[in-house]
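Each residue of the first sequence is one higher than the one before, starting from 1 at the first, in our numbering.
No lab work stands behind these hints: they were computed from the structure.
Heads up, the beta-carbon is just placed ideally off N, CA and C, and yes, glycines get one too.
Worth double-checking, as some hints may not be accurate.
Claimed, not checked - Each pair of labels, with its calculated beta carbon distance range:
(1) L643 <-> L265: 32 to 42 angstroms
(2) K412 <-> I439: 25 to 35 angstroms
(3) R7 <-> V458: 53 to 63 angstroms
(4) V119 <-> L265: 56 to 66 angstroms
To be verified - Below, simulated DSBU-like cross-link-like pairs (lysine-lysine); rule was C-alpha separation at most 35 angstroms, straight line:
(5) K550 <-> K568
(6) K315 <-> K346
(7) K5 <-> K76
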Amino acid sequence: MIAEKPRAAAKIAEALEARNKINIDGVSVWIGKIREKDVVIAPTAGHLYTLHTNERGFPVFNYSWGPRWIYEKNSKHLEKFYKALKKLFPSAEYYVNACDYDVEGSVIGYNIISNLGDVGRAYRVKFSTLTREEISRAFSSLQPLDWSNIESGLARHILDWIWGINVSRALMSIYEKLFEERLILSAGRVQSPTLLELLRRYLERETFVPEPMFTVSVRVRYGDREYSVTNVFEPFKKLDSATELVKSLEEAGRLIIGNVEERVLDLEPPPPFNLTQLQLESARLFRLSPAETLKIAEELYLESLISYPRTNSEKIPPSIDNTRILKNLTSLPELGVYASELLRRKLLSPREGLNEDPAHPAIHPTGYMPTKNLGKEKAALYELIVRRYLASFYPSARVEEVIYTLEEPRAKCLFKLVGRKIVSQEWLKVYRYRKIDVIEVPTLRLGEELKISSVRLVKLYTHPPQLHTKASILKWMEASGIGTEATRAQIIETLFERRYVRGRRIAVTNLGLRVAHVLSTLFRDITEVELTREFERKLREIALGRVSRKEIIDEAISKLSNELEEVKKSLSSCRRSELKVRFGLSTGFQCSICGSDAVGREGGLTLCYPHLRAYQNLVKAYDVWKARNSIDFDDYVETLLKLYITGRFVKDVIKYLMNRVK
DNA sequence: GCAAGGTC
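Construct the complete structure from the given sequences, taking the supplied hints into account.
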C-alpha cells in the first residue's frame, strides 16, 4: 500500500492497526494483517517520477518517465523512498494506491506501480480525510484503478512538459541570437501569464501621468469639539467649481443635519484558513512572502502543531474532533481562555468558507502544544492560525453606526459625519488582527445646525494602480485559476530567480521586458491564462472518456512543431537585425531615450515601448491639465517631476525633453 | 537547462 507521504503512511498504519514499524534505509514502513494476510504500508514523498529526455535542442517530443532523484537536481532526498519501494515491490501479491484522492495522487501511485510492479494487480482506495473511521472504511472496499483520473493526470504532465521545455529552449536560442547573450530562460503555462500580468501592472504604473482634481476639506464645531466631515461628492475637475463651493460654505457658516440614519451591522467571523488566505493575511500582518509563509507553515505541520497547510479548503469536516482540539487549546497561555469560553458556551461548529479541497481540510491547530520556544515568526504564524480557528466558532460581532448627513442647501453638496461603536465583540476579541474603527460623535437631531470652523481648498491627483507585491500577484493567480496551492509561491520565486522581475513592489527588468515581448510575439498562447482553460477542457474530455490522451497530445505536438519549425527556420536564415524587425521586436532603430530597441516614433523621436507609451500619456494628459487649470508646458512637466505618483518612464521623457531644450 | 505538480 503506497501512501503519498510519510505522515499519511503513519495514519493509515494506525487505522489498520499495523503496529510493526520497520526501517528500510531511512524510510519507515509498517506491517500489519488484514484478514490473515500481511499488508505493508510504505510512503513516497510526492512525485517519485518525472518526465525527461536525452535529446538536446528543439523541437523535442521524445520523453519518458524516470526516477526524479536521478533526473532532477535537488531531489536527492527521494532516493531512499525509491529504493525502499523497489525493495518491497517484488514480494507483493497486489498493490494498493493509497495516495491522496485527487488526480495527482492517482498519477503518483500509478507511476510507482507501473514502473516497479504491475498495474494488472493494482487497486485504488478513496478517502478524503486521514481519520481512522474513513481509512478503515476505504480499505474495506478496494476499487479498481481510476483510469480516467490517471489518463487525465498523465496528459496534464505531458502537455506542461512539451509546452514548457520546447518554448523555454526556443526562447533561449532566440535570445542568444537577438541579444548575443546565453542565459537560462524559461516559459510555462503558469509562469508566463504571471510575468505578463506583472508587466501590465508595471507599465500602467510607470507610464502613469497624474491629473489634477479639486475638492474641499471642512471641519465643524459642536460644543467644545471639532469634527472633520466626509465629502459625499466626487472631487471636481475644474478649479472654479471648488472655489465656488468654498465661497458659498464660508458665506453660510454652518451645516444643517438633513438626515439621520442608524444601522446595525452583523459581522460574521472569518472561516478557518486555506493556504492562500493564510499567505495573504501573513503578508499583510507580518510582511512575509507567500514562499516564506509556506515554509514556516510546513515546519509547524512537521512539528504536529497544525494540520496540512497545502490545502484549498475553508471547511472543517465533521470527522475532526473540535471538542478535543479546543480542550487541548485551553492550556495555551493567553488564548486558552477563548477555547474555554467556546466549550462553556457549547459553540462547537465553526463557520466555513466556500472553498473545498478533495484531499485536505482547512488549516487548523491539532491541539498539540508547542514544547519549545518557536521563535518570533513561527510563533506569530502559529498564533494567527490558532486565533483564526478559534474566531470561526464565535457568533457574529455587532457594530452600530449612526450616519448624519449634513447639508448646505445653497451649495447643493452633502457631507457626512459617521459614529461607530462595537456593541458585541464576540470573535473580534480573539481575532485581533481585524480592527474596527470606533468613532465617537455627539447625539444630534434632525435640523440641528453645526458651525463650520474651517473650509480649505484641496488639490488632489488621480492615482496609478500600485505595483504588484508577491502577495497581490499570488491573489491574482488564484483568481485567474492558474497554479495550485502548493506551487504558486514557488512559481513567483522562479520569476525572481530568472531575473525577469525584482523588488518588493515588483518591477519588471529589461530582461523580463524582452522575454515578455519575444513570448507574446512568437508564442502568444503560452502568455495567456486561456491556455490553462483550454488544458482544463481537454483534460475533462479525457476524464470523461470522450477522447484519448494520445489524440490530445498529438494535437498539441502538431501545433507546437509548426510554430517551432517556423522559428527555427528564421533563426538559421536571418541576420540579427533582420530578425528583430521580422519578429516585430524592433523598427531597426534605437530608443532616443534609453537606447534599447525602438518600436515606434513620436514627436521626432524613436522610442521603445515603455517610453513611447509614457510620451503618449504625457501629451494626452497635458490637454486635461490645460482644460482644468491654465498652465504652460514648462510648469506642467516641472510639477509632474516633483510628484512621486508620476511614472518613471514619464519622468525619463520629461528629463530628456528638458535636456534637449538646454 | 528548460514546466508544473506533488512533498521533505
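Tested hints:
1. L643 <-> L265: 32 to 42 angstroms: holds, 37 angstroms
2. K412 <-> I439: 25 to 35 angstroms: holds, 26 angstroms
3. R7 <-> V458: 53 to 63 angstroms: holds, 59 angstroms
4. V119 <-> L265: 56 to 66 angstroms: holds, 58 angstroms
5. K550 <-> K568: Within the cut-off at roughly 26 angstroms; holds.
6. K315 <-> K346: holds, 19 angstroms
7. K5 <-> K76: Answer holds: K5 to K76 is near 16 angstroms, not above 35 angstroms.
The structure fails none of the hints (numbered hints given earlier).
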